[in-house]
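Colleague: Chains as they are written, first to last, in our numbering: chain G, 667 to 761; chain V, 25 to 522; chain R, 19 to 510.
Treat the hints as calculated values from the structure; they're not laboratory data.
Treat the hints with care, as some may be off.
[Unchecked claim] Computed from the model, here is a short list of chain R residues facing chain V with C-beta under 8 Å:
no., residue
1, 120
2, 224
3, 349
The model shown is predicted, which means the values in this text are computed figures rather than measured ones.
Glycine residues also receive a C-beta, built at the ideal position from the N, C-alpha and C atoms.
Listed here are the chains, written in short residue letters.
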Amino acid sequence: MALDKATVTKIARLARVRVAEAEKDALVGELSGILAFIEQLSEIDTSGVEPMTSVVAMPLPRRDDKVTDGGKQDDILANAPEKTAGFFTIPKVIE
Amino acid sequence: MTAPTPALLKGATGDWELIIGLEVHAQVTSNSKLFSGASTEFGAEPNTQVSLIDAGFPGMLPVINGFVVEQAVRTGLGLNAQINLRSVFDRKNYFYPDLPAGYQISQYKQPIVGEGIVTVDLPDGSVREVGIERLHLEQDAGKSLHDQHPKLTYVDLNRAGVALMEIVSKPDLRSGEEAGAYVKKLRAILRYLGTCDGNMEQGSLRCDVNVSVRKPGAALGTRCEIKNVNSVRFLQQAVDFESRRQIEELEAGRAIKQETRLYDANTGETRTMRSKEEAHDYRYFPDPDLLPLELTPDYVARIKATLPELPDAKRARLESDLAIAPYQARVLVMEKESADYFEAFVAAVQKRTGKAPQDIGQDCANVVVTELFGALNKDSKSIESSPISPTALAGLQALKMDGTVSGPTAKKVFEEMYATGKDASAIVEEKGLKQVSDSGALEAMVDKVIADNPKQVEQYRGGKETVITFFVGQLMKLSRGTANPAMVTELLKKKLAK
Amino acid sequence: MTSLTDLTLADARDGLRAKKFSAAELARAHVDAMIAARPLNAFITETPVIAKAMADESDKRIARGDARPLEGLPLAIKDLFCTKGVRTTAASHILEPFVPTYESTVTQKLWDAGAVMLGKVNLDEFAMGSSNETSYFGPVENPWRKPGDNRSRVPGGSSGGSAAAVSARFALAATGTDTGGSIRQPAAFCGIVGIKPTYGRCSRWGIVAFASSLDQAGPMTRTVKDAAIMLRSMCGFDPKDSTSVDMAVPDFEKALTGNIKGLKVGIPEEYRIDGMPKEIESIWTKGAEWLKAAGAILKPVKLPLTKYALPTYYIVAPAECSSNLARYDGVRFGLREKGEDLTAMYEGTRGAGFGREVRRRILIGTYVLSAGYYDAYYLKAQRVRALIAADFANAFKEVDVLLAPTAPSSAFARGEKTADPIAMYLNDVFTVPASLAGLPGISVPAGLSADGLPLGLQLIGRAYDEETVLRTAGVLEQAAQFTARPQTWWKQ
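In isolation and in its complexed conformation, chain G is listed as follows (with noise of 0.2 Å):
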C-alpha cells in the first residue's frame, strides 16, 4: 500500500517527529517502497500460526517484593535538561 502525505504528516504527529514540509515528499516514496516490500508477507499462508510471542522459551522471571532501589534523586536529575527543586520542569501543560 501506497502512503500519502496525509497519512506521513499522521504518524509523524503519532511519532511526535517534526518532519519539514520539504522532507515529506521524500519521506512518501521511502516509505511507500518499504512497505511494499515488507507486504510480500501477504504471500505466506499463517492461517493457524501462533505469533511468536519470545524468542526464549523460559518462564517469566519473578522477583521479591523488597525495596532494593530508588533514594537517587541526584542520579534521576543528573541528566536533565531543566530542573528545579527535585523536579523535572517542562513548559506549562494545559489539560
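Please build the complex by placing chains V and R on the supplied structure of chain G, with the hints as guidance.
Modeller: Here is chains V and R on its own, set in the frame of chain G:
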C-alpha cells in the same frame, strides 16, 4: 440476580435511562513497584522513590514483582473471577511528561483476570450483582504539577511504575448512587483481601466513569469518560452533572461527542480535557522486554486457600450463626476494621460469660452499632481510634449480662469509658453504680416509695395497674439507677397487693 | 617482538601474565594507535585517562599474581553500552549530552574481568544501519580500501566503529551488538571475527535498546579464540533482564578443539540468491570444502522462508524501535529543543535529535502498529517469524551447524546505497534470519574479493550451542589462513 432497575431521569422530552460503567484503578498493596525495586510509599520528596527503570533511562529493563502478581490473583479470586493462567504484558504507547518510557506497560488483549461478579448492597436494602469485565495489571504514571509555576509544569516520578489493578465493570450501573455503592463494596473487598488500602485521598483508589444516557429500551448512547474522580461523593456528583449535561445536549438537538472529561471538584462540573482532545492510537503490542506470564493451577489454588472471609460471607455468618439482624450485619461488615472489632468483642464477651454466640450476638451488635458507632460518628473518629477496646467493651457487656449493672447504668458507664478510657468495673466501683439486688435494702426503699405516694397507691389498688411504672421510676430515682428493676417490680406488686 | 598492537587478545593476555610487557605499555600502545587512527573516525569518545588508570590497576593485580581473565586487555566499547560517567550517545544527536550514572551489565562484567577501556566507538545511529553512515558523529572509514583506489569504503554496520578499531589494530577487541547482523556484517566487511550469541546469553541491561526481541551483544575480535575468550566474560545470567537465560556459561575456549569429524554441516539452498556475486558464491563453496576436508559431512538443507526474513525483520524491528525510542522526549535527559508548548517541544526535540534513517524507522514502526494495521503487519510478521524459527528447528534436526555467506557483497563505497533504503536493507539478507530465530551466528574472515576486500563466512548454530559454532569457526579460520591486513593509509 436482580435485573438493573432503571432509575429514570426526567427530561423535557420524557424519561432517560442512565448507563454507567466504571474503571477503578486500585493501587496494589506492595513494598516495591511493579517492575522496579523502588518504594511505593506515599508522600516522599520528589523523585526520591524512583529507579532508573521508572524514569525510563536508556537500556533499563523491567522485572516483575512476584508478590504483585499474587495480589492480582488474590483480588481476582475475591471478585469471583476467572484467573487467566496465561497473560501478556503489552505496551500502551503515548507521549506524556509523566510517562517516562513513552509507553505504559499494561495488559491489553490477555489480562490476568477475566470476568467476575461483585454483589452490591444498594441503599434501599436491595442487592444487585454487577459484572466485572476484567482486571489487569499496569504501571501508574508519575505526577505533573501544573500549579507550581506560571510557565512551567513540574514532574515528579515517585508514583511512576507503582502497580495498579485496573478493574473494569460492565455497564451494569444505573445511577450515581449505585455507582457509589459499587465502589464502596469493591473497596471493602479489596481491603478485606489486603490487596489495596482503598485510600481515595492519597489516590490509592481512583475511578474513571463512563456515562451515557438513552431513552429506555433504545440503543446505547455515546459515552463520555470522566477522569479524576477521587471520592464516592464526587463520583455521584460527577455522574449527576454529566447525565444532566448529556440530556440537555440531546434535548437541545445536539449530539454527544465521545470524549474524555475532567471532573472539577470545586465547581462540581465536568469539562473537556484539553490534553486528551487528540484522537488516541495507543499502538498496543506485547512488550518484548517481558515474556508471557504463566501461572499453574496449583499456584492459584494455593492463593485461594489463603483467602480471608469476605464481607458477603461474613455477613451471612453473622446473620446465621450470631442471629444478628440483616441491617446490623450489613453495617458491621462494611469496613474490615469494624468487623474485626466486632468479632473480637463477641469473642471476649463469650469468654467472660460462657454464653453461646447466638445468644449474645444481637445484643453485642446493638452495643457496637448504636452506642459505639454513634459515639465515633459524632466525633468523626474511625474504629481504629476508638477509646474503648473490644476487651474493655466486653467487660461492660459482661457486667450488664450478669446483672451487676442495669441497662440504663450500662449506658452511663459506656459514656464514662468513652470519655476517660477507664475500665468498666473501675467506674462502677468508683461511682457506686452496682445494681442493688439485696431484698432487704430494696424492701426498705419500696416501703418508703409506697408511704410517700398514697394517691398513686389508691389508683393502683383501684385497678389502674399501669401506675406500677410510676413506682418503678420513683424507685430507680431513689436508688440512682442501681436497683434491679425486675426485683423492684416483683416487690412492688407484692406490697401493693396487700 | 611484534608490535603490541599486532598481538591477538590471547597472546596479549599470555604476554602480560608472563610479564613480557606491562598493561600500561599495552594500553599506551593502543591509545597511541587510536589517536593516529583518528582519520577513520572510529571513536566518538576516547578515554585515555581511564585506560591508563585501569591499566595501572591491572599491573598491580598482575604483580600480585591476581590477574583476572581479561586483565589489562584494552577494548573498544560500542557507544550503545551505557558507561558510568562516560558519555554514551548511541551515535545520536538526541543523546549527545548524555552521561549515564550506571554501567551496562556486559561492560561491568568486562571491567570485572580486568579489561581496560580505550573509549566509545562509533556506530550507526541507534544501531540502525548497515554501513555506519547514519551516525550523527559522521561515518566511519573502513580501514580496507581497494588497492589503488582511494575511495572510502564503509565498514559495515551498525558496529562499524568496533570493526574498524579491531581491524586497524587500535583495539585488541571490541564489543558489538547485533540486531539483524550488526556484529557479523561489519566483521565480514573489515576482515575480522564477530559472534552474535544466542538471544538471552548476554544481558541487555544498560545497552541502549533498538529492537528488544532481537538485540544481542557479542565480541568482535581478530581471531576465533579471542572471540571465545571474550564471549565467556560477556555472557551470563542477569536477574535485571527478564529475557536473560539462567544457564551455565561454558569455557568457550575449550570448545576450540579443531576436531569436527562427523559434524553435519548444512548448506541452506535458499541462501543462493539471485544476483549473488560470483566471488561470494565461490568463497562459500570453498568454505564448504574446507569443512569437508576437515571431516565434516555436508548436507543441503531447506529454509524455505529465507526470502521473507528481511520483510519480517523490517516490520518487527521498526515497530519495537518506534516504542523503544519514545523515551527520547527531552524531558529527563538528552537533547531538548525549546518549544512554545509541550507538543512543540516533543516534535522539535525528536525531529532535530533523530537522523533521517532513525526517523524513517520510527515512522514505519508507528505505522505498522497503528490502529487498523497491527494485524496485517505486526501480527502477520510475528506469525512468519514463528515459521522462520520452525524452519531452523527443522533444519537442526538434520545438521549441527549451517554454513552461509555473511553478506551478499564485500564492503561497498561510501554513499553507494544511501539513496535507496531497500538496497541498504538487503545487506542483512543472510544475517537477519538467525536474528529472528534468536540463534547464535559467527562471521569468520575467509578470503579476499577479486578487488582485494575481505569476505566473511557465517556459521549459524542451535540455540545455546555457541561451542559448536566456535569450534567449526576455528576450523574455517585455520583452513582460510586469512593473514591479509589493510594498508595503514591513515598514518600517512
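Colleague: A separate judgement is required for each hint: does it hold in the structure or not?
Modeller: Going through the hints against the structure:
The closest approach between the C-beta of residue 120 of chain R and any C-beta of chain V is roughly 6 Å, which is under the 8 Å cut-off, so the hint is satisfied. A cut of 8 Å between beta carbons decides the hint on residue 224 of chain R: the least distance to chain V is about 4 Å, and the hint holds. For residue 349 of chain R, the shortest C-beta to C-beta distance to chain V is roughly 5 Å, which falls under 8 Å, so the interface hint holds.
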